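Position one of the sequence shown corresponds to residue 1 (the numbering used here), numbered consecutively onward.
Certain hints may be false.
Said to hold, decoys possible - When the alpha-carbon atoms are kept at most 20 Å apart in a straight line, the in silico SDA-like pairs for lysine to any residue are as follows:
| hint | residue 1 | residue 2 |
| --- | --- | --- |
| 1 | K282 | D269 |
| 2 | K353 | S228 |
| 3 | K416 | V384 |
| 4 | K394 | L435 |
| 5 | K282 | A292 |
| 6 | K158 | S370 |
| 7 | K158 | G105 |
| 8 | K121 | L102 |
| 9 | K239 | L284 |
| 10 | K394 | G426 |
| 11 | K239 | Q296 |
| 12 | K239 | S228 |
| 13 | K394 | H358 |
| 14 | K158 | G195 |
| 15 | K26 | K92 |
| 16 | K92 | A63 |
| 17 | K394 | C362 |
| 18 | K239 | I173 |
| 19 | K239 | L227 |
| 20 | K191 | L160 |
| 21 | K353 | Y385 |
| 22 | K401 | P345 |
| 23 | K401 | P424 |
| 24 | K92 | R70 |
| 25 | K121 | K158 |
| 26 | K121 | L213 |
| 27 | K92 | S118 |
| 28 | K121 | Y97 |
| 29 | K394 | R352 |
| 30 | K401 | Y385 |
| 31 | K401 | L435 |
| 32 | K353 | S402 |
| 33 | K282 | E308 |
| 34 | K121 | P215 |
| 35 | K416 | K353 |
| 36 | K121 | A145 |
| 37 | K191 | L435 |
| 38 | K92 | D188 |
It is worth saying that the hints were derived from the structure and are not from the lab. Note that the structure is predicted; figures quoted are calculated from it, not measured.
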Amino acid sequence: MSEVAESLASRLAELSGTGRVRTDPKSLAAYEVDGRAPSAALLPGSVSEVAEILRFASAERLAVIPIGGRTHMDIGMPPQRYDLALDVSAMKQVLAYEPRDLTLGVEPGITYAELDRSLRKEGQFLPLAPSFAERATLGGIVAAAADTPLRYAHGTAKDLLLGIEFVTGEGVISKSGGRVVKNVTGYDLHKLLIGSLGTLAVITRLNFRTFPLPPGRRMFVAAFADLSGALTLGRAIMKSPLQLRVVDLVNPRAAGLFTAYSGSILGRDSWLAVVEAAGHEKVLERHARDLASLSQDAQATEFVALDEDHRERLFGCLCDFSPIAFGATPAATVFRIAAIFSAIPALLEDTRKLAECHALDCAILIRALSVVYIALLPPANPEVYPELASCSRKLMTLCVKSGVAPMIERCPLEIKNALGIWPPPGTEREITQRLKHVFDPHCILSPGRFRGGI
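Can you make the complete structure from the sequences, with help from the hints?
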């Protein structure tokens, strides 16, 4: 270790304790972000320690990246600088829980699975089921704006988050929102941190609303010969009075990946509509009848109700779409595209033509009839990267012209460096830069990770 590194390690140990500083190469390798490792990793145990570390980093102009379960670190651009990893995984306490009020306050390092087990003891749950639930932390889920199959019924983090405590880039402890559902004080500044990838502040507490566990649930799968039938069912569901938890559509390639990953669901040659209902038995029976009828009207070739084991497997696949795509090929490039339902048919037809033109396989998941995940699946061969980059660039341009909002959620580093993962920023760039300056005036938090080089 160099003299400068030793001096830094000594100062960091004073801030967070010698047992909470990592400087050896083996430990630091676990904190790599897009091939870049920090000089040190710190594991604070409290918000005051986080604030002290950030005040020091701000004074020394050290670049800091907040880290949790490391399940969503592929999202975002490579960091421009990276000196310190701020690992909040030791901050994993449930700070407040009022089951009767359906409210909850937690530290950012608690994992979704750990929290879910605690809530289930009280007959409740938090509908943010992510990929890698055993490792994904609540802070990371919010910072990455991670999606969930339960989006159709419960929305996203912005619909569930009541308030946040955070530490700015200058080490100032702040908060926004509150701890109760009916909170009307101040601006919803905490919602700016959702999806900010740790570029504005370090989250130290999150307050959520929770929900009662349903008395029962049942997942149904309808198979269709083509996309048109699946979309017809989706359109009928939106017009119906049915209150469903999950409404996702899966193309044949994605269905094949799911089958290979977790066991047989249905045939690999069909578009699948995956729908889940919740409630008492009579409610589930009514949903089964109505969904069977709607599926028949949409020309479904098969309609089945899944047993609990197959339900768990398929739900897990829906959560893990991106990781499963990467398991199929490490060169997978996964787009996440927010789109209104009426724009989806043309978007997918144009995507099909693009993929065929570039000889690329394509797995598709339509989440809650409003977010389209497109995984371009080339062979695991660096020689195909130029073709993959060309197709990805054209798809990004196509999305912008179509009025939908794309980002590349996961891709090889070569694609990030060649394309970026967002379209070029527009008129919002000045606003985001001003926000960055307010929250992090010295640009020490995850520099360059967000859109526009923020």
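Tell me the hint numbers this structure goes against, listed in increasing order.
1, 4, 15, 16, 18, 25, 30, 31, 35, 36, 38
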